[in-house]
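Asks: Each chain, letter by letter, is given below.
Number of protein chains: 4
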Amino acid sequence: MKLSQFNLIEKRREFLEKTLKIKLSQIKKAHIEDEKNICGENLIGETTLPLGVAGPVKVKTFKSKIKKYYIPLSTTEGALIASVNRGCKAINQSGAVTFYIQEIGVTRGPVYETKNLRKGFWFINWLKQNEKEIKAAAEKTSSHLQYLRFEAKVIGFYTFVRFYFKTGEAMGMNMATFATESINQFIKQKTGINCLALSGNFCLDKKPGWLNFLSGRGISLWAEVVIKKEVIEEILKTTAEKIYEVWLAKNMIGSTLSGSLGFNAHFTNIVAAFFAATGQDLAHVVEGSLGVTATKILTGGNLYFSIYLPALMLGMVGGGTKLAVKKEAISLTGAKNKEELAKILGAAVLAGELSLLASLAQGSLANAHQKLGRK
Amino acid sequence: MKLSQFNLIEKRREFLEKTLKIKLSQIKKAHIEDEKNICGENLIGETTLPLGVAGPVKVKTFKSKIKKYYIPLSTTEGALIASVNRGCKAINQSGAVTFYIQEIGVTRGPVYETKNLRKGFWFINWLKQNEKEIKAAAEKTSSHLQYLRFEAKVIGFYTFVRFYFKTGEAMGMNMATFATESINQFIKQKTGINCLALSGNFCLDKKPGWLNFLSGRGISLWAEVVIKKEVIEEILKTTAEKIYEVWLAKNMIGSTLSGSLGFNAHFTNIVAAFFAATGQDLAHVVEGSLGVTATKILTGGNLYFSIYLPALMLGMVGGGTKLAVKKEAISLTGAKNKEELAKILGAAVLAGELSLLASLAQGSLANAHQKLGRK
Amino acid sequence: MKLSQFNLIEKRREFLEKTLKIKLSQIKKAHIEDEKNICGENLIGETTLPLGVAGPVKVKTFKSKIKKYYIPLSTTEGALIASVNRGCKAINQSGAVTFYIQEIGVTRGPVYETKNLRKGFWFINWLKQNEKEIKAAAEKTSSHLQYLRFEAKVIGFYTFVRFYFKTGEAMGMNMATFATESINQFIKQKTGINCLALSGNFCLDKKPGWLNFLSGRGISLWAEVVIKKEVIEEILKTTAEKIYEVWLAKNMIGSTLSGSLGFNAHFTNIVAAFFAATGQDLAHVVEGSLGVTATKILTGGNLYFSIYLPALMLGMVGGGTKLAVKKEAISLTGAKNKEELAKILGAAVLAGELSLLASLAQGSLANAHQKLGRK
Amino acid sequence: MKLSQFNLIEKRREFLEKTLKIKLSQIKKAHIEDEKNICGENLIGETTLPLGVAGPVKVKTFKSKIKKYYIPLSTTEGALIASVNRGCKAINQSGAVTFYIQEIGVTRGPVYETKNLRKGFWFINWLKQNEKEIKAAAEKTSSHLQYLRFEAKVIGFYTFVRFYFKTGEAMGMNMATFATESINQFIKQKTGINCLALSGNFCLDKKPGWLNFLSGRGISLWAEVVIKKEVIEEILKTTAEKIYEVWLAKNMIGSTLSGSLGFNAHFTNIVAAFFAATGQDLAHVVEGSLGVTATKILTGGNLYFSIYLPALMLGMVGGGTKLAVKKEAISLTGAKNKEELAKILGAAVLAGELSLLASLAQGSLANAHQKLGRK
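Residue numbers (our numbering), protein chains in the order written: chain A, 1 to 375; chain B, 1 to 375; chain C, 1 to 375; chain D, 1 to 375.
Since the hints were made in silico from the structure, they are not lab data.
Incorrect hints may have been included.
Any copy, or any two copies together, can satisfy a pair, since identical chains are not distinguished.
Below, computed lysine-lysine pairings styled on DSSO-like, alpha-carbon distance capped at 30 Å [as the list claims (entries may be wrong)]: (1) Lys128 x Lys65; (2) Lys128 x Lys188; (3) Lys188 x Lys11; (4) Lys2 x Lys188; (5) Lys229 x Lys119; (6) Lys63 x Lys2; (7) Lys140 x Lys2.
Only chain A is shown next, with the shape it has when bound in the complex (with noise of 0.2 Å):
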């Protein structure tokens, strides 16, 4: 017999352990009841990860009010939790969070073979024209998608084009696909254009690129904090001098002389561990490791601190966040949306963010893996 045989995921584990002669009794049917209810083939069981909690972080809602926000974090990393703690306290001690959200919608890009320049460019100006029929067959498909806009590129035999949708609460990619599949039906009955692959790599799904970066993609996040001088100097224990002088050497130019799309110092770090703690799909850390960190010192020896983070996706309903344990990191969080989650994750990036450029100007970076990480 063969483990795709089997279709109880006690059966898979205990098929495994006597063909490879080993103990899987950590990966053990927890709190997976219902196979059925799992996104996910050919189980034998799960994994598991230290989930920590960082904050509360001061955050400054729409009206000024401040409301606070504990951060679920799940990572082996030692000293990242501890470090967007010590950045939540610097926040608090200094005011609160500022926030800018951009919801730039979920994209899916498939390639069509327009096979010469005056087909492909009639194509475009026929989505131009079928817009609201294309709309309608885009959100036939779900009654929370809402179908946004396109942008289209021809290169010689091909035409590329790029579909923004709102999802509602989920991260929503299925239900970009679902609908990208429903337009193509439309498409191909209406002019007889074949959609060569329903993904063209134009979405961007998943890999690092300047397509996201300068025009993002799920939802573009900018986060802002004064950290006050004496704050700089009784909780990050150095100067805004410092840190801005770390944050030029590393952020701006190590960057440039790296060829990196991540003009920051660790947006990946907290972006992973918040993802897996709520149950983001991880392979969208790819894009949630785009973005650019700037500062300024301020007169008084204050530091302005400011995020951007162009293409952040996560949801509060669908794919991974459906796993209890991961609703109830949500639910640590009170996030009531998919845009309060989205600022409670920004504020954990910029507390790690300066947390990690204050460690690095005092030099205890060593010092703190030293400590925490080396168990």
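Given chain A, work out where chains B, C and D should sit, using these hints.
Replies: Relative to the frame of chain A, chains B, C and D by itself:
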């Protein structure tokens, strides 16, 4: 009392449940017997992810013998494990995967204040002339660490140096950090030159960038297989020509149009699922998203299929691999060392890449996600 | 006396001849009758470049009639003009070049000190609501300038805005600068917001970058042709298959491996030679180096061949085109306007690209340079 | 009769005048005495560009002596020469430019059909073991050429190799091509491996790309100067703080937002003007657009100002430098060799960069172009 004042996982969790009026019954202290053994601070329990298995997949060993491996994958994306599994089947019925591996080494890229060009170039020259002592300073920090070489770049006021280390069976980022800290002390003592930041983003750690694409980081891996015509038809339900067409339009031209550093269909998906299963640092998914798939139609309708991943950051020991549940997943692969583990991941990436391109070629992607992703 | 104190070309030249004890007989005042009519300061004469002609090349006009154009090219690279000429022959015997053109507009991208996110996003909103007045402020600076639109991006302390303008028959960079200066005065007066730099590199003028590749700049141009099998054999001395193979390996995979923004064989060569001949700004060769060549083997052994140049910056009037010698070169093309001039350049690029790929496929490149380049 | 059938410049020109009913009196055969001595085919005469001079600029030589150089610049952009000249003044009154130069070598990057990984890696190993013979094969093509080293990358079916050569006082692209052709014959003869294309874009010749940015090409050049506070005020009419602010916002953050490979204000302008004046290949302006400007405010209000140009492709002999008019421009610089010529260009770039950033800081850019650019 504040969250950070609790010393025990249980107390913290109870504090949050009380404060936030929520239940955290899933995030319970299950496998975390002893907090001190886990990297991660402010722990309140653990989170979980479904764990499945793909394969076995056939791999050619050094002496062209064939070995079979199971592939543990943790994901909540429906269809992903099934897709890798289908790819494995296509590989197995066609032959086996061939590999080439280069251990580039883990990098740490500090930035030094050299203040002018003369000092900067003098410093690089000094590094060359004192490389034996630098090696010694690095290697005294760990018996598992081996200093390899450095690259350096002067930019105005600063000198950026990229140190390369072999780190035994560990992924080794922390080891590289401690080694670099020791090098810096030696440098400071001998030259008076100050390290402005232990990481100057010349590493380039957890950020997408061309330096890692062009120079590699951690392990660079190549894999290839020839898929037989009849296997493409029977298992992948398409033809070599169609897979090739989708590859060219999507991975090559579509990636070009998106300013992408990933000239592949979805390396990231498989890297993220394998990293989650085997206890790797999830933020290193970014480096794992880099790379190129290259195919060619051979005479007789067979398909040459190859992948290149320049920067895999993984390990067998240390970090998340210390968790018992991750150890089990690694034992399930049967890998004896880091290189073998990388190969198994490589085989999974190749299988998943082949299967997705075939699915796009066949036009069944949306269908598969409809069936497997929507529960 | 110093060089800068002389008011006449001749005196300056004589001063240098005397001071440096050299002869500048070639750099004599030939076409420069009146210094005041020439842009450029501290003139001592003129320099020259050999001027050749390729073509004529057949081009399809709007109503699918065919028109023929000669192509003036100034270069000192042996074999280049001959190569473009050979490409023209192959085109002419196969059919004619088809074009698509989009006037993206000239861009100027100032950076404003908005000091925090709220002000930055307020500013962008203000720009939207006052776009009519901004348009008026821009357009009052020249009757030939048309304000098109703007894009904006907030990063921490700064707001970057990219203004797009149509500039009639001029390349228009200066016109765009004056228009932006006028917009800035309007902004300052109405909002008090200070423009930190009239160009904040968000233009992105004369630098290679993804923003121009993805969004275009100046004129975006597509061109295509189907080259017949027998023409490939007789004129290009190779086959469609071999050209395709070289294109795939070099333009696609080789460019990928080099982190290139030019997925082409040598667009730059032809752009530079045409710009030198027709009086364009030679620094805009950078934008002209961007772009993609895409080919496909058609049934019957014919070759589909297409190019895409996203960012051509050229003009019919103003700047270097005012020189009589450049006017003659433009008259030689027969172009009546900027768009037609761009098409002729496009035909030349296509011809040159085809010929070089064919030459590489045939293995005759070194030979051709040996014969034509080594005098 | 057709254009290509004429053997003489005059006849061709007359043919075009008659055919197109135009006058080509400016494009007359002036300096072109003997067509056979000029690279370039189908010549009909010559084109011209105004030639001006900036400087002299003070430069520190090896033994810290100071030397003065005049800088020939050919451009039709008003204000450019004046701007470089102003920068020279600011340099001269502050001190002198210091340089570092690395001759990286000219590269040619062919692609070979190795057909699978084993053959590809075998080939790279073979290249290493036969490097002495490869060197000999290259160097027998020219007594001025020196083989330096190679880099190689396998991607699936292909192996890309980047050969580096020193080419004496020539820019050397043709020499590198002939040397590579000779290497290829040796490879073919010894291994049977076929070179698919003599240039596989791994060169990376005349295309913007990260490989040249990170590894350099031709000559890599660094230059720096400290500008005194009073000089900034008197000559540049601004302050160190303001120049720094513009540099940070424009060259660093603005370039980041544009996905730029040029982290500078306008290197390209000066490179293009110097190349046109001294007979360099104008398509190599692309490589010259790469690079970074880095500044720092020093105590006392002085400004540290530095540039880094990773890939200057220029020469003293061969190509366009053979034209008498270019020889004169080179003689005007006083450069004795390629390295010295590169330094003079470097000083010009530094001067032009400083002056433009100062002009932007002062807010006088539009004004200067209004005055000098609008004739």
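Asks: All hints, please: hold or fail.
Replies: A quick look at each hint next to the structure:
{"no.": "1", "hint": "Lys128 x Lys65", "verdict": "between (43 Å within a copy, 28 Å between copies)"}
{"no.": "2", "hint": "Lys128 x Lys188", "verdict": "within (16 Å within a copy, 38 Å between copies)"}
{"no.": "3", "hint": "Lys188 x Lys11", "verdict": "neither (45 Å within a copy, 57 Å between copies)"}
{"no.": "4", "hint": "Lys2 x Lys188", "verdict": "neither (40 Å within a copy, 48 Å between copies)"}
{"no.": "5", "hint": "Lys229 x Lys119", "verdict": "between (62 Å within a copy, 23 Å between copies)"}
{"no.": "6", "hint": "Lys63 x Lys2", "verdict": "between (60 Å within a copy, 27 Å between copies)"}
{"no.": "7", "hint": "Lys140 x Lys2", "verdict": "neither (40 Å within a copy, 49 Å between copies)"}
When held up to the earlier numbered hints, the structure conflicts with 3, 4 and 7 and fits the remainder.
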